[in-house]
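Trainee: Sequence:
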Amino acid sequence: MATPQFRQLRRAYGFDEVAIVPGDITINPEQANIDLKIDGFT
1 MATPQFRQLR RAYGFDEVAI VPGDITINPE QANIDLKIDG FT
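Reminder that position 26 of the sequence shown reads as 26 in UniProt numbering, one-by-one numbering, no gaps.
Honestly, the hints are just simulated from the structure, not real lab data. Please read these numbers as outputs of a predicted model, since none were measured by experiment. Take the hints with a grain of salt, since some may be wrong.
Taking CB as the label site, the calculated pair distances span [to be verified]:
1. 31 with 4: 46 to 56 Å
2. 36 with 12: 49 to 59 Å
3. 34 with 3: 46 to 56 Å
4. 15 with 40: 26 to 36 Å
5. 2 with 33: 49 to 59 Å
6. 2 with 22: 27 to 37 Å
7. 3 with 28: 56 to 66 Å
8. 12 with 35: 41 to 51 Å
Each residue gets a CB set at the ideal place from its N, CA and C atoms; glycine is no exception.
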């Protein structure tokens, strides 16, 4: 009889555990495009 193979467990992080910090490069908001179109809908 073969031994069962199990997947390795990995740590998951929630929003409360992650820190978002500014990076070394900043983006000019006037040069960023955040438009979203899905099948003709905006």
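Trainee: Next step is simple, just say for each hint if it's right about the structure.
Mentor: Hint by hint, here is what the structure shows:
1. 31 with 4: 46 to 56 Å: About 54 Å separates the Cβ atoms of residue 31 and residue 4, which means 46 to 56 Å holds.
2. 36 with 12: 49 to 59 Å: 27 Å, violated
3. 34 with 3: 46 to 56 Å: At 51 Å between Cβs, range holds.
4. 15 with 40: 26 to 36 Å: 32 Å, holds
5. 2 with 33: 49 to 59 Å: Since the Cβ atoms of residue 2 and residue 33 sit about 54 Å apart, the hinted range of 49 to 59 Å holds.
6. 2 with 22: 27 to 37 Å: 52 Å, violated
7. 3 with 28: 56 to 66 Å: Taking Cβ atoms as reference, residue 3 and residue 28 lie about 57 Å apart, which means the hint holds.
8. 12 with 35: 41 to 51 Å: For residue 35 against residue 12, whose Cβ atoms are near 32 Å apart, the range 41 to 51 Å is violated.
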